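Visitor: In my numbering, the protein residues as written are 2 to 406.
Derived by calculation from the structure, the hints in this document are not laboratory data. Check the hints yourself; a few may be wrong.
Claimed, not checked - Lysine-lysine pairs mimicking BS3-like chemistry, simulated, CA-CA at most 30 angstroms apart: (1) Lys397 with Lys376; (2) Lys172 with Lys114; (3) Lys376 with Lys146; (4) Lys357 with Lys146.
Unchecked claim - Pair by pair, the computed Cβ-Cβ distance ranges are: (5) Arg220 with Val22: 30 to 40 angstroms; (6) Phe82 with Val344: 21 to 31 angstroms; (7) Lys301 with Thr333: 16 to 26 angstroms; (8) Arg14 with Glu299: 46 to 56 angstroms; (9) Glu245 with Thr276: 13 to 23 angstroms; (10) Thr280 with Arg14: 49 to 59 angstroms; (11) Thr280 with Val344: 38 to 48 angstroms; (12) Glu217 with Glu294: 18 to 28 angstroms.
Note that the coordinates shown come from a computational prediction; the quantities given were computed from them, not determined experimentally. Note that CB positions come from ideal geometry on N, CA and C, so glycine has one too.
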Amino acid sequence: MELTNREILPDTRFNPFKYGVFRFLCFMVTNLLYRCRYLRNELRGVKGPYVVIANHQSMLDAFNLVNAAREPLHLVVSQSFYNGLPVHDLLTHVGLIPKQQFQDSPAAIRAMKQVLKKGEPLAIYPAGLMCEDGLSTPIPRATYKFLKWLGEDVYMARTAGAYFVMPKWSKGVHPGTTTMDVYKLFSKEELDTMTVEQVQERAEEALSFDAYREQEQSRYVYSKASDLSGLENVLYRCPDCGEEFTMTLLQKDTLGCSACGYRIRADKYGLLEKTAGKTELRYVSDWNLQIQEAMTEEIKKHPEFTLTQPVEIRMIDYDKHTYVPVGTGELTFSYETLSLKGVIGEEPAEITMRTKKTPALPFSPGKYLELQDPKQSYRCVLKDGRQTMKFINYLKAVYRLQNGV
Numbered sequence: 002m003e004l005t006n007r008e009i010l011p012d013t014r015f016n017p018f019k020y021g022v023f024r025f026l027c028f029m030v031t032n033l034l035y036r037c038r039y040l041r042n043e044l045r046g047v048k049g050p051y052v053v054i055a056n057h058q059s060m061l062d063a064f065n066l067v068n069a070a071r072e073p074l075h076l077v078v079s080q081s082f083y084n085g086l087p088v089h090d091l092l093t094h095v096g097l098i099p100k101q102q103f104q105d106s107p108a109a110i111r112a113m114k115q116v117l118k119k120g121e122p123l124a125i126y127p128a129g130l131m132c133e134d135g136l137s138t139p140i141p142r143a144t145y146k147f148l149k150w151l152g153e154d155v156y157m158a159r160t161a162g163a164y165f166v167m168p169k170w171s172k173g174v175h176p177g178t179t180t181m182d183v184y185k186l187f188s189k190e191e192l193d194t195m196t197v198e199q200v201q202e203r204a205e206e207a208l209s210f211d212a213y214r215e216q217e218q219s220r221y222v223y224s225k226a227s228d229l230s231g232l233e234n235v236l237y238r239c240p241d242c243g244e245e246f247t248m249t250l251l252q253k254d255t256l257g258c259s260a261c262g263y264r265i266r267a268d269k270y271g272l273l274e275k276t277a278g279k280t281e282l283r284y285v286s287d288w289n290l291q292i293q294e295a296m297t298e299e300i301k302k303h304p305e306f307t308l309t310q311p312v313e314i315r316m317i318d319y320d321k322h323t324y325v326p327v328g329t330g331e332l333t334f335s336y337e338t339l340s341l342k343g344v345i346g347e348e349p350a351e352i353t354m355r356t357k358k359t360p361a362l363p364f365s366p367g368k369y370l371e372l373q374d375p376k377q378s379y380r381c382v383l384k385d386g387r388q389t390m391k392f393i394n395y396l397k398a399v400y401r402l403q404n405g406v
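Work the whole structure out from these sequences, hints included.
Guide: Encoded structure:
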């Protein structure tokens, strides 16, 4: 069993047959699952090199983008996604560039620059993660410096509606209408004259979204959009009484608090309406913001806090391309660090990340979060899966406080 991932320069050559199969799969997913409508597609007729940036709402967003491009497109994807899928052999030689999320990766950066030098297009999802609450994720400022450094035309591919097709918290998929608007955001000549702050301002405006407010306007119908199964793992704090981990799924379309009786249900558009209690909430995004704001105030009052949870440690088996249990440990969060101490195999292990340098982590609500170093991912399956979102929300709050964002 091979667990060690040596960072090497990705092989970005295209295999015509494999890319053809990959593109056909993208076409089918785009038309059957996402039912994507392209509002504009300014990639038509455009030859590389160029860079596409895109917002990230669901796991398969890139399929719509591949379908929009008329020439083979190099996608930057997470190492975890690239190496952890059973179809890994298909994903080789279809132009993917794997990179550890939120980590410096010289090999991946060289590969990105290389494909542009060859005159081929590159696609990046700056957020690095799909959202869990319908809100865009903050993007590190270094991303905008990177765009200037790449020095090519930049196109924006803005997706709307994909969040409702494959919510991160959902136990299923909900086919329905999505849209994608693809347009030039910067010319390389503009980038050369703009400051990083100017690039950031324009790009952030294009990348930011609130899926629920957009849905209020569009009113697209998605299959079983009222099914909230799994959302209790994200919205774990009652908006009425403030108790944590009391929100439960009462019916597929209804969440309720076991402490105070608060009730809220979803309509056919996935929007919320209160049926018992005081607090009116229409959007999941607003509810989760309330949770994060409450955490921020708590941290300001008690910066000495710690949060600890026993975990099972899993790592990718690079032979089988799946995560396998390799040990146990304890995950501890404090204001300055997020650390994992335990045993992997028969050897003691300790991984520490600085919270000021970590805007987010890969995670699955109610299940796990991943710590990473430049070459490896450590999937921490929490003994109490409900605590996963609390760890993630604490991390977001501390990162904002430490960086003034």
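Visitor: Mind listing which of the numbered hints don't hold for this structure, in increasing order?
Guide: 2
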